[in-house]
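Q: Sequence:
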Amino acid sequence: MPRQRQKSTRAQAGIHFIIADPSSSRERPDNLRIVRSHVGRWRWQQAKQKAERESPRSSGTDHFPARESSHDYRSSDSETNEFSAGDILGDTETDTESYSFPVPESAVPGQTYFGQDLLDEDVFTFSHPESEIGLPDPWDEQNAATDFDYGSSMCLTGISPSILDPFQTIGASPVSPDLVTLSILWPGLMPKSSVGATHVGVQRWFASSTCSAALHSTLLYGSYSHRRALWLVKQRGHFSTEDAKQMAVCEAEAIARINRVIKIPSEAVTDSLILCVLCLATNKLENPLWEDITESPFQSPLRSLQWLDVYGRLSPHPVHQAGLRQLVSLRGGLEKLELPGLATVIAFSGVLGASRALTRPAFPYISIRGGTRMTLQDIIGIDDFSEHPKSKISEGEHVIPEMQKIFRSLRIYLELIEAFQDGIQLGMDTLCDYRNVIQWHIMSLLPSSQLGSAHVSFYPLYECCRLALVTFGIGIIFPLPPQNAPMASLAEMLQIELQAYSQVIQDEPLEVLKLYGWCLMMGGIVAKWSSHRSWYATKLKLYATLRGLSTWYELKMELGAVLWLDSACDVAGKTMWDEARRA
Numbered sequence: 001m002p003r004q005r006q007k008s009t010r011a012q013a014g015i016h017f018i019i020a021d022p023s024s025s026r027e028r029p030d031n032l033r034i035v036r037s038h039v040g041r042w043r044w045q046q047a048k049q050k051a052e053r054e055s056p057r058s059s060g061t062d063h064f065p066a067r068e069s070s071h072d073y074r075s076s077d078s079e080t081n082e083f084s085a086g087d088i089l090g091d092t093e094t095d096t097e098s099y100s101f102p103v104p105e106s107a108v109p110g111q112t113y114f115g116q117d118l119l120d121e122d123v124f125t126f127s128h129p130e131s132e133i134g135l136p137d138p139w140d141e142q143n144a145a146t147d148f149d150y151g152s153s154m155c156l157t158g159i160s161p162s163i164l165d166p167f168q169t170i171g172a173s174p175v176s177p178d179l180v181t182l183s184i185l186w187p188g189l190m191p192k193s194s195v196g197a198t199h200v201g202v203q204r205w206f207a208s209s210t211c212s213a214a215l216h217s218t219l220l221y222g223s224y225s226h227r228r229a230l231w232l233v234k235q236r237g238h239f240s241t242e243d244a245k246q247m248a249v250c251e252a253e254a255i256a257r258i259n260r261v262i263k264i265p266s267e268a269v270t271d272s273l274i275l276c277v278l279c280l281a282t283n284k285l286e287n288p289l290w291e292d293i294t295e296s297p298f299q300s301p302l303r304s305l306q307w308l309d310v311y312g313r314l315s316p317h318p319v320h321q322a323g324l325r326q327l328v329s330l331r332g333g334l335e336k337l338e339l340p341g342l343a344t345v346i347a348f349s350g351v352l353g354a355s356r357a358l359t360r361p362a363f364p365y366i367s368i369r370g371g372t373r374m375t376l377q378d379i380i381g382i383d384d385f386s387e388h389p390k391s392k393i394s395e396g397e398h399v400i401p402e403m404q405k406i407f408r409s410l411r412i413y414l415e416l417i418e419a420f421q422d423g424i425q426l427g428m429d430t431l432c433d434y435r436n437v438i439q440w441h442i443m444s445l446l447p448s449s450q451l452g453s454a455h456v457s458f459y460p461l462y463e464c465c466r467l468a469l470v471t472f473g474i475g476i477i478f479p480l481p482p483q484n485a486p487m488a489s490l491a492e493m494l495q496i497e498l499q500a501y502s503q504v505i506q507d508e509p510l511e512v513l514k515l516y517g518w519c520l521m522m523g524g525i526v527a528k529w530s531s532h533r534s535w536y537a538t539k540l541k542l543y544a545t546l547r548g549l550s551t552w553y554e555l556k557m558e559l560g561a562v563l564w565l566d567s568a569c570d571v572a573g574k575t576m577w578d579e580a581r582r583a
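Residue 278 in the UniProt record's numbering sits at position 278 of the sequence shown, and the numbers go up by one each step.
Don't take every hint at face value.
Claimed, not checked - DSS-like cross-link-like pairs, simulated, lysine-lysine; straight-line CA separation at most 30 Å: (1) K192 / K263; (2) K263 / K245; (3) K336 / K405; (4) K405 / K556; (5) K405 / K574; (6) K390 / K574; (7) K263 / K234; (8) K541 / K392; (9) K245 / K234; (10) K574 / K541; (11) K405 / K514; (12) K528 / K574; (13) K284 / K405; (14) K392 / K556; (15) K234 / K528.
Since the hints were made in silico from the structure, they are not lab data.
Only a predicted model underlies this, so the values are computations on that prediction, with no experimental measurement involved.
Using the sequences plus the hints, can you model the full thing?
A: Right, dumping it as structure tokens:
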């Protein structure tokens, strides 16, 4: 009898004995699936039984129908279709269908999450901090070093874990990656308007992820990547070794699910799939990140706008980027995308990639506010030059028309930045649009080598101005993290162009001469840690002598007549001037 009871107990427990050949690589994935399946089911049952014993509600589990059904779905085919990291990492075409991670402890009935009783309701709501007490920041001082408090841009209340994690992918972690995505990450990528309204893309992206396992896995991977960057680079937040494992698993699972979706004709070119590929293309998991130890020569504002300080540190994935371009092309272009916010985030990633690689953007720029294509004319508007008089230096006949528009748009944008720094409330979406479209046009300027000899002879300072604008862009307007900003390359290229022109500069008109001096200053500032710095200092001293400039204030007045932001440039410019005087 004891043996019969023991046998019966084992049968009820569902114990499987695995006969495996250690030398066989074919059996290993199947064994892993079985082990993961039963460990996950056992963990879930243990948590459920513990909750039933401790919970004061006798029927507490009835409040989680979505979680129950999800578990039943997973258990029904877990023995044949369970996820195996070894399979996917070895072959990206692996056809997997479901998860096998244990249910997180937040699913235990009666437990509260960030002070909200998850049993009260099974829906999520979006609210503003002004109207009610919302979700506290999951990380202490998460946004302490950022320019804007994205963590408070949207609050979530009454969030059920069955909604946050419908596919049960999250392992044990102090901070749910879904909560990070909803309350911090996406509101930063798609900032609020001037009236404080949350971008509709935040809700729509989350809703899409609850209906697509591939998208859910991919967005979880993106959330882990974002947290990892904040933790390793800025020492903020929380990212454990378990989180690192989950991140790798989410990436492998996402690739497998995407490959499965691509095989379905009706889902091969959808907005959800494009969002999946976008996330993989901008969050490459490779070499460890490092702490911010290299300082930018500029003291640029808005470094964290749209998480530029984070995504500027993450490496792009060239294979997934190529796939993203192909999918967008098959879809008919960014204008054909219907998921709110998707086109503008793709456009933003294109500007970021072009700025890092010093290439032209791969996509047109789509506005955050309107969701349509945006140009510099949207900034300049119908201007009679009464408020912003035309500059003879940067908008004269010696500057091509397209570059004139860029200089003019930059001055308008810098005025907005100064107003914002003075305390005037502006919509973050407006600042994002202005910044991104200006940087898009800067990076879209063709090198002089592609314009022909006739163009070069008519605009001899064109290439110097183009490189100086790119320098001003990645240093101040679209401030890349200094570790990944190609400032040394720009300093070298700009020196080559200025050397070819410096022999005849004294014969040029005054406006051209001042533009030359501005290019010298831009190159000298970004050459701070290179061997080219002394050359720039010498040339700047000669320029000051030619112009009769004896003080920093006099030089600064000339620079300001071209393009200058005091808060970002004064310290670096003054240092460069001091070196030039000693040269």
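Q: Are the hints correct? Go through all of them and say.
A: Against the structure, the hints:
Using a Cα cut-off of 30 Å, the hinted pair K192 and K263 is violated, with the two alpha carbons roughly 37 Å apart. About 28 Å separates the Cα atoms of K263 and K245, which keeps this hinted pair within 30 Å; it holds. Distance check on the hinted pair: K336 and K405 sit about 28 Å apart at the alpha-carbon level, within 30 Å; holds. Straight-line distance between C-alpha atoms of K405 and K556 comes to about 23 Å, which keeps the hinted pair within the 30 Å bound.
In summary, the hint linking K405 to K574 is supported, as the alpha carbons are separated by about 28 Å, within the 30 Å threshold. For the hint linking K390 to K574, the alpha-carbon distance of about 27 Å falls within 30 Å, and the restraint holds. Proximity of K263 to K234 is assessed by CA-CA distance (about 40 Å); at most 30 Å being required, the pair is judged violated. As the CA atoms of K541 and K392 are separated by approximately 24 Å, the hinted pair is consistent with the 30 Å bound.
Proximity of K245 to K234 is assessed by CA-CA distance (about 21 Å); at most 30 Å being required, the pair is judged to hold. Only pairs whose Cα atoms come within 30 Å are accepted, and K574 paired with K541 is accepted, the gap being roughly 13 Å. With a C-alpha separation of about 18 Å, the suggested pair K405 and K514 falls inside the 30 Å cut-off, and the hint holds. Simply put, K528 and K574 have alpha-carbon atoms about 13 Å apart, close enough for the 30 Å limit, and the pair holds.
As the CA atoms of K284 and K405 are separated by approximately 36 Å, the hinted pair breaks the 30 Å bound. About 17 Å separates the Cα atoms of K392 and K556, which keeps this hinted pair within 30 Å; it holds. The straight-line distance between the Cα atoms of K234 and K528 is roughly 24 Å, inside the 30 Å bound, and the hint therefore holds.
In summary, the numbered hints that this structure violates are 1, 7, 13.
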